[in-house]
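Trainee: Take a look at the letters that make up each chain.
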Amino acid sequence: MSIIEVNHLTKYYGKAKARGIVDVSFNVEEGEIFGFIGPNGAGKSTTIRLFLSLIYPSSGTAKIFGKDCIQFGPEIRQEIGYLPSEVFYYEGMKVLDLLNYSASFYKKDCSKRLHELADIMELDLTRRIDDLSYGNKKKVGIVQGLLHQPKLIILDEPTSGLDPLMQRKFFDLIREENERGATVFFSSHILGEVQKMCNRVAIIKEGSIINIQDIKTMQQDNYKKIRIAGNGLDETRFEVAGVNNLEHENGSINFFFKGDINLMMRLISEQEVADVTIEEPTLEEIFMHYYE
Amino acid sequence: MNIFLRELKANRKSLLIWSGITILFVIIGFSKFSAYEGNPELLAILDEFPTPVIEALSLKAFNLTTVTGFFGVMFSYFALLLSISAAMWGSDIISKEERDKTVEFSLTLPVTRGRLITAKALSALVNSIVLLFVTWGAILAGAANYETDSEFFSFVAISMLALFIMQLVFLAVGLFLGCAMSQYKRSASVAVSLLLGTYFLSIISGLNKNLEFLKYFSPFKYFNPATLLHESKVDMLYVGLSAAIVVVAMVGAYLSYSKRDLYI
Numbered sequence: 282m283s284i285i286e287v288n289h290l291t292k293y294y295g296k297a298k299a300r301g302i303v304d305v306s307f308n309v310e311e312g313e314i315f316g317f318i319g320p321n322g323a324g325k326s327t328t329i330r331l332f333l334s335l336i337y338p339s340s341g342t343a344k345i346f347g348k349d350c351i352q353f354g355p356e357i358r359q360e361i362g363y364l365p366s367e368v369f370y371y372e373g374m375k376v377l378d379l380l381n382y383s384a385s386f387y388k389k390d391c392s393k394r395l396h397e398l399a400d401i402m403e404l405d406l407t408r409r410i411d412d413l414s415y416g417n418k419k420k421v422g423i424v425q426g427l428l429h430q431p432k433l434i435i436l437d438e439p440t441s442g443l444d445p446l447m448q449r450k451f452f453d454l455i456r457e458e459n460e461r462g463a464t465v466f467f468s469s470h471i472l473g474e475v476q477k478m479c480n481r482v483a484i485i486k487e488g489s490i491i492n493i494q495d496i497k498t499m500q501q502d503n504y505k506k507i508r509i510a511g512n513g514l515d516e517t518r519f520e521v522a523g524v525n526n527l528e529h530e531n532g533s534i535n536f537f538f539k540g541d542i543n544l545m546m547r548l549i550s551e552q553e554v555a556d557v558t559i560e561e562p563t564l565e566e567i568f569m570h571y572y573e
Numbered sequence: 004m005n006i007f008l009r010e011l012k013a014n015r016k017s018l019l020i021w022s023g024i025t026i027l028f029v030i031i032g033f034s035k036f037s038a039y040e041g042n043p044e045l046l047a048i049l050d051e052f053p054t055p056v057i058e059a060l061s062l063k064a065f066n067l068t069t070v071t072g073f074f075g076v077m078f079s080y081f082a083l084l085l086s087i088s089a090a091m092w093g094s095d096i097i098s099k100e101e102r103d104k105t106v107e108f109s110l111t112l113p114v115t116r117g118r119l120i121t122a123k124a125l126s127a128l129v130n131s132i133v134l135l136f137v138t139w140g141a142i143l144a145g146a147a148n149y150e151t152d153s154e155f156f157s158f159v160a161i162s163m164l165a166l167f168i169m170q171l172v173f174l175a176v177g178l179f180l181g182c183a184m185s186q187y188k189r190s191a192s193v194a195v196s197l198l199l200g201t202y203f204l205s206i207i208s209g210l211n212k213n214l215e216f217l218k219y220f221s222p223f224k225y226f227n228p229a230t231l232l233h234e235s236k237v238d239m240l241y242v243g244l245s246a247a248i249v250v251v252a253m254v255g256a257y258l259s260y261s262k263r264d265l266y267i
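Each protein sequence line maps, in turn, to chains A and B. Numbering-wise (our numbering), the first sequence opens with residue 282 and increments by one. Numbering-wise (our numbering), the second sequence opens with residue 4 and increments by one.
Think of the hints as simulated: they come from the structure by calculation, not from any bench. Note that the coordinates shown come from a computational prediction; the quantities given were computed from them, not determined experimentally. It is possible that part of the hints are untrue.
Mimicking DSBU-like on lysine-lysine, the simulated pairs with C-alpha atoms at most 30 angstroms apart in a straight line are [to be verified]:
no. : chain 1 : residue 1 : chain 2 : residue 2
1   : A       : K418      : B       : K99
2   : B       : K104      : A       : K418
3   : A       : K388      : B       : K104
One-sided excerpt, in silico: chain A residues whose CB lies under 10 angstroms from chain B [to be verified]:
no. : residue
4   : K298
5   : R330
6   : Y337
7   : E356
8   : R358
9   : I361
10  : V368
11  : L379
12  : C391
13  : G422
14  : F537
15  : K539
Backbone N, C-alpha and C define an ideal beta-carbon position, used for all residues, glycine too.
Throw the hints in and build the complete structure from the sequences for me.
Mentor: Next up, the structure:
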């Protein structure tokens with residue numbers, strides 16, 4: 282069963298018809314961790330806000346659990362956990378009061394899970410929301426989004442503000458929830474974390490979906506970003522099939538490569554090199570070079 | 004219930020501040036009155052004021068040297084205070100969610116927007132009622148030092164009813180503006196500007212017979228303190244008109260808020 286079904290979903294904002302998203306269609310299956318990546322302003326948050334009926338579509342529909350997001354919004358949200366990219370809570374409340382307040386809206390007893398999650402995230406429940414740092418507010422958001430053990434978890438750039446240790450705990454937590462049966466919709470602009478977590482990924486650019494791919498296939502056809510440093514490098518040797526955007530500057534050669542990595546290793550070994558780096562291109566680089 | 008209680012708690016400070024303002028106002032008012040009390044020379048001075056000024060300050064209908072008359076003159080100031088607080092609470096209680104970006108929390112919970120408005124409106128209503136009773140109590144406490152008669156108490160009571168209706172009108176208008184305006188930052192200032200606009204309309208409508216029709220557009224003209232004193236009842240025509248405004252504003256609030264995009 283599809284947990285999320287999006288059909289030709291389109292959103293223009295206001296009278297100026299500012300582009301939000303245009304004709305977006307995809308499905309998210311039950312039990313999946315579905316990645317949703319794109320640069321800032323591509324329409325990721327717009328899509329999520331449409332799911333949560335904070336805003337209304339200009340045309341098209343979105344269904345969650347087989348029910349229309351607008352018509353059955355409150356009912357659907359019983360089973361959705363949402364972690365926004367930036368969390369804003371009522372000031373002047375203690376963390377525990379806020380979490381209890383949030384829990385009071387769900388039709389089940391959440392207090393046990395609430396305390397478990399707070400322990401895992403090392404969240405001090407007695408502090409006031411106003412006094413918390415950005416990262417600690419984010420932790421409150423994580424606990425608040427998961428305390429009712431939702432069937433669908435929607436994450437909008439969830440790791441910003443979390444230190445690496447907390448990020449790992451958070452990803453473990455999301456994996457656990459996923460193994461328990463929760464479907465996860467994971468929006469991010471960091472390709473690495475999406476690749477680590479997700480089964481499938483949709484790439485959104487300027488409001489439109491440009492690709493939906495299996496993560497494994499995507500990694501296979503991924504380009505590598507290669508940088509070779511050294512004296513007297515002969516860049517013409519690298520003008521072979523699969524090499525893109527070859528640049529020679531300040532004694533180093535930079536290019537993207539897609540193909541047999543053994544061939545590339547042989548080419549590099551012919552040179553007298555001082556340093557070699559081979560890395561995944563950033564998402565921005567993928568966008569700039571391959572989706573134009 | 005949880006939204007209602009949280010809002011009450013969140014607005015405690017604001018209620019305290021408004022109560023403080025009202026009590027201070029009563030104290031200052033009565034300290035002035037102590038100068039007028041039983042002072043016939045004052046009446047002679049007032050007689051020389053130009054008629055429009057007398058009208059605007061509703062000095063004609065009241066004898067400033069008695070507590071009853073003094074309260075009659077003060078009525079419109081209490082009306083202003085209570086209406087402004089109601090209008091601001093109404094618009095703010097809705098728009099602050101967008102201003103503070105908490106709407107991304109409160110409306111991603113499993114609640115309908117309608118339920119949110121109902122809970123918030125009731126919370127703002129309770130605040131308004133509490134402030135009304137604080138005003139009432141402060142006036143009675145202030146008057147305790149002076150000579151009062153039964154007419155005074157019934158006049159204050161019927162005035163409180165009139166003030167309550169005005170609170171309801173401006174609360175509903177405030178709620179409507181908070182719900183309907185996508186420029187949420189401006190909803191409170193628009194609510195108060197509208198309110199002050201209708202207040203000046205009420206003064207203008209008293210200046211000239213040809214402008215008298217304007218009184219229908221100003222809730223400040225709906226309940227004349229002189230009529231309240233002499234007839235001890237509120238004019239049902241204006242009660243009906245107030246009820247109509249409240250109903251239209253509330254229906255508008257629910258409809259517009261349920262249909263519009265929320266800005267984050």
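Trainee: It remains to establish, for every hint, whether it holds in the given structure.
Mentor: How the hints compare with the structure:
1. K418(A) / K99(B): Cα-Cα ~20 angstroms, so holds.
2. K104(B) / K418(A): holds (14 angstroms)
3. K388(A) / K104(B): With a Cα-Cα distance of about 25 angstroms, the restraint between K388(A) and K104(B) holds, given a limit of 30 angstroms.
4. K298: violated (13 angstroms)
5. R330: Holds. Min distance 7 angstroms.
6. Y337: Since the shortest Cβ distance to chain B is 6 angstroms, the answer is holds.
7. E356: holds (7 angstroms)
8. R358: With a minimum Cβ separation of about 4 angstroms from chain B (threshold 10 angstroms), the hint on R358(A) holds.
9. I361: holds (7 angstroms)
10. V368: holds (7 angstroms)
11. L379: holds (9 angstroms)
12. C391: violated (12 angstroms)
13. G422: holds (9 angstroms)
14. F537: violated (37 angstroms)
15. K539: This interface hint is violated because 39 angstroms lies over the 10 angstroms limit.
The structure does not agree with the numbered hints 4, 12, 14 and 15 stated previously, though it agrees with the rest.
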